[in-house]
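Let the sequences and hints guide you as you build the complete structure.
Chains G and B, in that order, are what the protein sequence lines are. What the first sequence shows, in the working numbering, is residues 1 to 302, in sequence order. What the second sequence shows, in the working numbering, is residues 303 to 720, in sequence order.
Since the hints were derived computationally from the structure, they do not count as laboratory data. Don't take each hint at face value.
[To be verified] Covered stretches of chain B (chain G as the covering partner; in silico rule of three or more C-beta atoms under 8 Å from a C-beta of chain G): (1) 353-359; (2) 363-373; (3) 430-440; (4) 656-663.
[As the list claims (entries may be wrong)] With the Cβ distance kept under 7 Å, some of the chain G side facing chain B (calculated, not the full set): (5) A198; (6) H202; (7) R205; (8) Q209.
For glycine and all other residues, C-beta sits at the position ideal for the given N, C-alpha and C.
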Amino acid sequence: MIDEDPTRRLALKAGGATLGAAAFARALAPLTEWKPTTSVDEFLQKHYKELDAAEMKEVLARLEQDTLEETGVSVSIADPRPLPGVRFAYALNLSICIGCRRCAEACHKENNHDRASHNSYIRVLEMEKGSLDLAKGNAHYTSPVPRKGKLYMPVQCHQCDNAPCVKVCPIEATWKEADGIVVVDYNWCIGCRYCEAACPYHARRFNWQKPEVPAEEINPDQAYLSNRLRPQGVMEKCTFCLHRTREGRFPACLEACPTGARVFGNVLDPQSEIRWVLENKRVFVLKEDVGTRPRFFYFFDE
Amino acid sequence: MTLPTEHVRTYPRFIWDALGIATDGKFPFYAWMTALTAVFLVGVNAWAHQTVDGLALTALSDHVSWGMYIGNFTFAVGLAAGAVMMVIPAYLYKDHAMHDVVIVGEILAIAAIVVSLAFVNVDLGRIDRAWHLMPVVGRFHWPVSMLTWDVLVLGGYLLINLHVVGYLLYTRFLGQTPNPRWYVPFVFLSIVWAVSIHTVTAFLYSGLGGRPFWNTALLAPRFIVSAFVSGPAFIVLALQVVRRLTKFHVGDAPISTLVKILRVTVIINLFLVFSEVFTEFYTGGSHTAAAQYLYFGLHGHDALVPWIWTAIVFNITSAALFLSSSTRTHLWRVDIGCGLALVGLWIEKGIGLIVPGFIPSTLHEVIEYLPNRLEWKVTLGIWALGLMVFTIGLKVAIAVFTGRMRAAEPPASPTVEA
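Next up, the structure:
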């Protein structure tokens, strides 16, 4: 049926359109509370590799200012670059790891992880001695450690030389640095989580919501590519604590280890402990068959 | 012929008339569009909340980091690719009956691409940075990242189909015969492109060495074949709705051709699924864990078991119905088969494909996932949007094809209702 009166019909349509637009605006109303970015500068910020020194300085100052306004804490956000002649590697002695998870706890605090979810870049698996089959592992063990007949295997980012996460990222928001560390530009990532699907080691974490850290617990010693407070909706991962290690210190997880199971250093330095371990111990990497070429090794004493 | 300068006047007129047609109809049309709008707005509202508070509002986790949205994205890409099963008979085999109605398939391709793009966008953690994903202005990790290929092929497929549909409707609106030079090459391009969109989408998953469930060369062929089930199944149903509700002439021949295609593709699809299942279970070992979880449950976790067996029963039943029913005498049985095949494949290629990729996790933890209420709202909202695009597209196309929408003054006789 076509209405006889075209004017009435047009008026009805206009009324319908107005109602529809109003309903649409109402449905979108929650977005008015959305503060994804604090400024136009942040929205238009270029990729990490495209920022020159002066622009980087501005970005760091802005991020420090934002943190101050949001949390009341005065933090320092640096941008330490890879050191020439340095290629980091990590090795973990499975014979003496007792599964205490102090490394995971240290990571949690050092890297300003969300407190409620108790996030950490390290997961420790309790496994049956005599098998390295991950299917027999348990990440949710609660009994006192170490248990007889068990083996403890901490897993964190392996900083692969052939990293699937870097390969799949559609916007180069994650890449490998010259010292071997795989990093994420939290201000460039769109949160598609393709890297999280690609990683064979469950090493990546997504900020499902804005991470919350009580002001008094915030670690103020921060870096742009590592432990600064992350925005909502982006990926993050272990960076071998580059804000520490690029300044000659050890990663927080290593310092926290009570048994000395963790060995970290520059493989290009012939005198380094890591070099000695790689040369003299029977080391292996996790899931060698997937071809990721990790810079994180495991070994047994014997 | 219209002079080039005439288009300045006639093209806006075309758009204006199309807008008029799109908002004009009988009571059932208004009821349908109002219902879809309502569902869409519920989805928009849920998405707005999700955008503000984060994807934490979904049931996703670091263990199962893709779910309902990416599953629906995958299925929708298949629907878009499957529409080509009208284009191939119409243009490659010069099937005239199909040629008369092929526009339905092209409009389905447009609507399904809109749906799939919407699903990717609602899955992003940072929609405000979506521009980083655009070629040239962003930082496009092409050709290494398969996701950049997907941006290119999905965007390209949308543009090609918009051009073909737009060109055909506009020339007919002007009362002219479409010039094959301006659309036939694009139609052939769209055939190749249709295969590419679903191949690339399969490569997105099958290229990941850390996810054994997806890491199979059979994934792309399975995607293509199942697309050639879901596409024709949807179109068979759509053609019958069009035939009953509008003056647009849809003969029996196109439906019969599509059902012939379905009889082949539905069997090949079952065969490919069977091959996959055999390889998984006969081989055994930890590689089988995800398939074990999907089909039978793992360590007492079995959230997806009812889903996948529903899909299997639906897919086998639909195959039986397609093969045993004549389109002339028992079309209703074919219709039921189409409905079952759509639901079956939606499960098989959606939740049933994406979620087991994450269960067990790469460290073999079993953390389950089922979509929550918010994800259902957003999902239904996006499908409602797709149905609106499809309805409006069809309505305008039918108005043009039946002569209700013309550049010249409309005839004085009572207008035909589309």
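Here is how each hint holds up against the structure:
no. : hint    : result
1   : 353-359 : holds (count 6)
2   : 363-373 : holds (count 5)
3   : 430-440 : holds (count 6)
4   : 656-663 : holds (count 4)
5   : A198    : holds (5 Å)
6   : H202    : holds (5 Å)
7   : R205    : holds (5 Å)
8   : Q209    : holds (4 Å)
Of the numbered hints listed earlier, not one is contradicted by the structure.
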